[in-house]
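Asks: Going down the list, the protein sequences come from chains F and Z. Going by the numbering used here, the first residue of the first sequence is number 567, and it counts up by one from there. Going by the numbering used here, the first residue of the second sequence is number 4, and it counts up by one from there.
Possibly wrong hints are sitting among the right ones.
Said to hold, decoys possible - Between beta-carbon pairs, the in silico distance windows are: (1) F:T805 to Z:D91: 30 to 40 Å; (2) F:R604 to Z:T40: 32 to 42 Å; (3) Z:A46 to F:H717: 45 to 55 Å; (4) Z:D93 to F:K777: 24 to 34 Å; (5) Z:Q54 to F:L596: 32 to 42 Å; (6) Z:G31 to F:S646: 42 to 52 Å.
Source of the hints: derived by calculation from the structure; they are not laboratory data. From the three backbone atoms N, C-alpha and C, an ideal C-beta is built for every residue, glycine too.
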Amino acid sequence: MPYFYLYDTSLQDRSFTPQLIKLEGLLTDLGIQGRVGRLTLLKSVKDLVETAVRDGADTLVAVGNDITLSRLAGVVAGKSNLTLGFIPLGPGPHELAKILGIPVGLLACQVLSSRMVEDISLGKVGNYYFLQSAILHGQPLLTFDNNYNLHLHSPHTIKICNLDWYHEIGGEISNPLNNTLETILRPLIKSHWWHKFFASPTLAPSLLPVKTLQLKAEVDELILTLDNYQVLKTPATITISPHKIRVIVGKQRLF
Amino acid sequence: MFKNDNHGAAETIIGPSVQVEGDLSSQGNIQVEGALTGTILTAGNLMVGEQAKLMANVEVANAYIAGYLKGNLTVHERLELAPTSKIDGDIMTKTLVIAEGAQLNGRCLMGSAAVPATTSRGSGNKKTPAAE
Numbered sequence: 567m568p569y570f571y572l573y574d575t576s577l578q579d580r581s582f583t584p585q586l587i588k589l590e591g592l593l594t595d596l597g598i599q600g601r602v603g604r605l606t607l608l609k610s611v612k613d614l615v616e617t618a619v620r621d622g623a624d625t626l627v628a629v630g631n632d633i634t635l636s637r638l639a640g641v642v643a644g645k646s647n648l649t650l651g652f653i654p655l656g657p658g659p660h661e662l663a664k665i666l667g668i669p670v671g672l673l674a675c676q677v678l679s680s681r682m683v684e685d686i687s688l689g690k691v692g693n694y695y696f697l698q699s700a701i702l703h704g705q706p707l708l709t710f711d712n713n714y715n716l717h718l719h720s721p722h723t724i725k726i727c728n729l730d731w732y733h734e735i736g737g738e739i740s741n742p743l744n745n746t747l748e749t750i751l752r753p754l755i756k757s758h759w760w761h762k763f764f765a766s767p768t769l770a771p772s773l774l775p776v777k778t779l780q781l782k783a784e785v786d787e788l789i790l791t792l793d794n795y796q797v798l799k800t801p802a803t804i805t806i807s808p809h810k811i812r813v814i815v816g817k818q819r820l821f
Numbered sequence: 004m005f006k007n008d009n010h011g012a013a014e015t016i017i018g019p020s021v022q023v024e025g026d027l028s029s030q031g032n033i034q035v036e037g038a039l040t041g042t043i044l045t046a047g048n049l050m051v052g053e054q055a056k057l058m059a060n061v062e063v064a065n066a067y068i069a070g071y072l073k074g075n076l077t078v079h080e081r082l083e084l085a086p087t088s089k090i091d092g093d094i095m096t097k098t099l100v101i102a103e104g105a106q107l108n109g110r111c112l113m114g115s116a117a118v119p120a121t122t123s124r125g126s127g128n129k130k131t132p133a134a135e
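Hey, can you work out the whole structure from these sequences and the hints?
Replies: In C-alpha cells, the structure reads:
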C-alpha cells in the first residue's frame with residue numbers, strides 16, 4: 567500500500583518544521599512512510615496526484631486542514647482504486663477531523679495505520695465536487711428532486727450538507743452514508759439597534775433531505791461557495807454522488 | 004405526542020419562513036410550521052404547527068394537527084387534533100383524538116376497515132384509457 571503525503575502550503579512556514587520532522591519519524595516507525603509532495607503556486611493538487619499515481623501510490627494522505635482534504639477529495643472522486651487519508655496539522659479549520667474521528671496532530675498517524683475505511687458520498691455541482699457543504703445567501707427558487715418547489719419569503723442562508731454540522735437544528739451531523747444531502751434554510755434577520763436591549767426575533771430554520779436540488783436566482787446571480795473555498799454562481803444543480811471516495815476514518819467518527 | 008415514536012426527531016422540517024409547492028414524500032417524520040400546497044406522503048409521522056397552513060391531500064402513519072389543513076387526510080394509525088386545529092376536508096383514521104376547540108368540516112371514516120392499506124405512489128391517479 568504505497569503512501570503519498572500531500573503537504574498544504576500553510577506548512578511551508580518554518581514554525582512547522584519540527585512537527586513535520588516528528589511526523590515523518592512517526593510514519594517510518596509505523597511502517598507507513600511514503601513520498602511527500604508540497605502544494606505550491608506551480609504545483610496543483612491535480613498535478614501532485616497524477617505524479618503520485620504514476621509512481622504507484624494508492625493511498626493519498628492530505629496533511630493540513632479541511633480545505634486540503636476537500637481539494638484532494640475533489641480530484642480523487644470516482645477513482646475506486648485510491649484511498650484517502652488525513653493528518654490534520656497546522657492552521658485550521660479542523661472540523662472534518664472531529665467528524666471523521668481523527669485527532670488533530672501527530673496522533674492522527676495511529677488512525678492512519680489502523681486503516682479503517684469507509685466509502686462516503688460527495689456533493690456535485692457541475693464538474694465540481696464538495697465534501698462538506700455548499701453555502702448560498704439570498705432568495706433563490708429551489709426545486710427538490712423535481713417533485714416540489716420551495717419559495718422563500720425573505721433572504722436566507724442555505725446550506726447543503728454532505729459531511730458537515732447543522733448547528734441550526736440541534737447540532738446534528740449530516741450522514742455521508744445515506745445517499746442524501748441535507749438542506750438547511752435559515753432566514754437572515756436584519757440587525758437593529760434595539761436588539762442590544764431586547765432579544766432579536768428568530769424564525770425557526772427548515773431542514774429538507776434531497777438527492778437533486780436545482781437553484782435559480784430570480785433576479786441577479788447568487789454566489790455558491792463549496793467547502794469554503796470554491797466559488798460558483800447560480801443557476802446550479804446540486805446532486806449527491808454516492809460512494810464516491812474511500813476515506814480512512816477513526817473509531818470516534820460521528821456518523 | 005406519538006405512541007411508539009421510533010423515529011424521534013423530524014427528518015423534514017418546513018419552517019415558518021418558507022412555502023412548499025408540490026408533492027412531498029418521505030420515509031421519516033415531517034414537521035410543518037409554514038405553508039404547503041400539494042400532497043404529503045410519508046411512512047412516518049406528521050406534525051402540523053399552529054401557524055402552519057396546508058392545502059394538501061395527506062397520507063401518513065400518525066398525525067398531530069394544530070394548524071389549518073384543507074384537503075383529505077388519511078392516517079393509518081392515530082390522528083390527534085389540537086385545540087387550535089381546523090380541518091376542511093375528509094379524514095380517514097383508525098384512532099381519533101379531538102381536543103376541545105378543534106374544528107372539523109368534512110366526513111370522518113374510522114376503524115381499521117375504513118383506512119386502506121398504504122397506497123403506492125401515484126397509483127390512485129392513473130386513468131384507465133377507454134377501450135375503442
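Asks: Does each hint hold? Answer for all of them.
Replies: Verification of the supplied hints:
Checking the proposed 30 to 40 Å range against T805 of chain F and D91 of chain Z shows it holds: the Cβ atoms sit about 38 Å from each other. The given range of 32 to 42 Å is broken by R604 of chain F and T40 of chain Z, whose C-beta atoms sit roughly 55 Å from each other. Between A46 of chain Z and H717 of chain F the CB atoms are about 27 Å apart, so this pair departs from the stated range of 45 to 55 Å. About 33 Å separates the C-beta atoms of D93 of chain Z and K777 of chain F, a value consistent with the hinted range of 24 to 34 Å.
Under the hint 32 to 42 Å, the C-beta atoms of Q54 of chain Z and L596 of chain F, about 58 Å apart, miss the expected range. Checked against the hint of 42 to 52 Å, the pair G31 of chain Z and S646 of chain F fails, with Cβ atoms roughly 30 Å apart.
Violation of the numbered hints given earlier is confined to hints 2, 3, 5 and 6; the remaining hints are satisfied by the structure.
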